[in-house]
Amino acid sequence: MALKRKNTSAGTTHLTALRKTPTGIKGLDALTLGGLPAGRPTLLCGAAGCGKTLFAMTFLINGVNEFGEPGVLMSFEERARDLETNVASLGYDVADLVERKQLVIDHVYIERAEIEESGEYDLEGLFVRLGHAIDSIGAKRVVLDTIEALFSGLDDSAILRAELRRLFAWLKDKGVTAIITGERGDGQLTRYGIEEYVSDCVILLDNRVEEQVTTRRLRVVKYRGSSHGTNEYPFLIDEHGISVLPITSAELGHSVSQEAVPTGVPGLDAMLGIGGFFRGSSVLVSGLAGTGKSTFAGEFVNAACARGERCLFFAFEESPDQIVRNMQSVGMNLRQYIDNGLLDFQSARPSLYGFEMHLARMNRDIEQFNPQIIVVDPISAFRGPSFEIHSTLVRLADICKSKGITALFTSLSSAGEQMTESERSVSSLMDTWISLKDMEANGERNRVLYLLKSRGMNHSKQLREYQLTDNGIHMVDAYIGPDGVMTGTARIAQEAREREAALSRKQATERRRRELARKRSAVERQIAELRASLETEESEVETLIQQEEARELTIGSERSEMATIRGVRP
Amino acid sequence: MSDMKNNGQMPGNPTDESVEVNAGEFSLRLYVAGQTPKSLAAIANLKKLCETHLADRYTIEVIDLLVTPQLAAGDQIVALPTLVRQLPEPLKRVIGDLSNTERVLVGLDIRSKTASTP
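Residue numbers (our numbering), protein chains in the order written: chain S, 1 to 570; chain R, 1 to 118.
Calculated directly from the structure, the hints in this document are not laboratory data.
One or more hints might be untrue.
Stated by the list, open to error - Within a straight-line C-alpha distance of at most 25 Å, the following computed DMTMM-like cross-link-like pairs (lysine to aspartate or glutamate) qualify:
1) S:Lys-172 <-> S:Asp-269
2) R:Lys-92 <-> S:Glu-77
3) S:Lys-174 <-> S:Glu-66
4) R:Lys-47 <-> R:Glu-89
5) S:Lys-174 <-> R:Asp-64
6) S:Lys-172 <-> S:Asp-135
7) S:Lys-101 <-> R:Asp-75
8) R:Lys-48 <-> S:Glu-120
9) R:Lys-92 <-> S:Glu-66
10) R:Lys-92 <-> R:Glu-61
11) R:Lys-92 <-> S:Asp-156
12) S:Lys-174 <-> S:Glu-111
Quick caveat, the model's predicted, so the values are computed rather than measured.
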């Protein structure tokens, strides 16, 4: 509003964008599109224990350390020394900043019992103190924490309200970016309703306990003159300071890769049409207890590290040492990759925070480690309403996709055919879904897997048996019998049967071949005999013919002889 | 203090001046910011009151915070004008233009609360 007025009075028609002061709290700057309104007061409210003071302190300290803007903290509740101790746990050295004249901490102490009111007064003293503090170091940032303490120290609330209104206007005139903290009241944002004086930007912090798990959340209630994220965002306070889970792009605009990432299991690569998962895709490995979900994850990570890629492993059920030891038993040496910095484990009990807090933490770890591959083992460890699980996992999958990270999630299925809550809620997010199953038959349990889906590639539709061997996961050809897929000893028996059948088939062929040979020789013999008899006959006939001819000749000669003898002259 | 309020003691009421509990030297400091009507009223009211009740056993120091703003934090000044009783111990404060004499006398322990009640 002030902006508009200024423009009109200056007679210009072009609009200048609202200047913003970055807080240095990454997610918050993202969701406010740049930070708090510069040169204006912002109200930060929330119930006790929400982290208002830490938030405000972080704003000041980041201002000094990252943006070179000195700050003033006027504390109405905590003494300077207590404040120093409190933020020391976040790794901030406040005493040093005070020493370097970058920060002034002024503790305003009002003890009602010591004060008697007589006649009219104003809060000019506060203005003088604040003005002096600001001017002494050229402060650009001011925090008033928690100014409503004045209401419990002084009686005349009419004067207080008028003076607070004047104070906020004065802060604007001073051009400092201020954070005013306020305790959450019944039915209104602050106990004494000071939100009506601070109308530029209001941020609400919340600390909710659901099913014994606490989640801190932040919401920008209003931000005059700027668009902003309107949802509630989880935030985290730990030894690395404050981080807000940033909003990821609402649109699905991330670019995709055609590159295949090998799964680490050769047989599984072959089942996937492109020889692995797409880079940047989300993969779900679901299965019952003991089907080797973590081992699949281990193989994936092991192969990736061997290629020199960076992997981040979020473990929610086992400690890093335990995982390393277990993977050792199937022939993977993950320790070497931890040592050379390619692999990092982040372990936490699921119940440590709400899963949104986990997500915030995971996001921060991803930012810091910058991995190509992440593993979340397992997502079924998260408990909560399914829509919340869904929304947070969507965000995690989005974060990974936007960064081109291939994410492998494992999920523990419940017995039976029903999908678990977490599976159902994430199934549509996953690009590839590998389902691990147990097959019980002939008094034994065998493991099979199949690809439930794999987007964007032609993949095997077969059930395949696999074994967890000393050398990792080994895929075995599955036998389809009359009762379905045969595994384990049934498969071995089947194999034996098939060998036997093959042998007997071979023997039968041999037999036929021999018989044929025998037949052939018999026929040939007959032919030979016939030919022999024919030849005999032929020679006999020949002889007869010769004899006949000879006789003819003889008869002829005899006749002429006789004629001669008889005296017949030719 | 609360007794006082409930009884609705009016300023300027005739009071029993014989009951004065503090008999030592009074060291008073009055913080103001510039020559505002409230400041001037406070200074005038204080002088009159001291002459009446603490003749010859008081010292008044008037501090203008517009001149010496760095002094505000030391005495925890928030409201103005503020009258601070440095001596005798313990520290006492009265805020406002000191127009309500009764409140000032009670605030400075010049008169005990119970004794002032008629």
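How the hints compare with the structure:
1. S:Lys-172 <-> S:Asp-269: violated, 63 Å
2. R:Lys-92 <-> S:Glu-77: holds, 21 Å
3. S:Lys-174 <-> S:Glu-66: Roughly 22 Å separates the two Cα atoms, so the pair holds.
4. R:Lys-47 <-> R:Glu-89: Cα-Cα ~21 Å, so holds.
5. S:Lys-174 <-> R:Asp-64: holds, 22 Å
6. S:Lys-172 <-> S:Asp-135: holds, 15 Å
7. S:Lys-101 <-> R:Asp-75: OK: S:Lys-101 and R:Asp-75 at ~22 Å, within 25 Å.
8. R:Lys-48 <-> S:Glu-120: holds, 18 Å
9. R:Lys-92 <-> S:Glu-66: Not OK: R:Lys-92 and S:Glu-66 at ~43 Å, beyond 25 Å, violated.
10. R:Lys-92 <-> R:Glu-61: holds, 15 Å
11. R:Lys-92 <-> S:Asp-156: holds, 19 Å
12. S:Lys-174 <-> S:Glu-111: violated, 29 Å
Taken one by one, the earlier hints fail for this structure at numbers 1, 9, 12, listed in ascending order.
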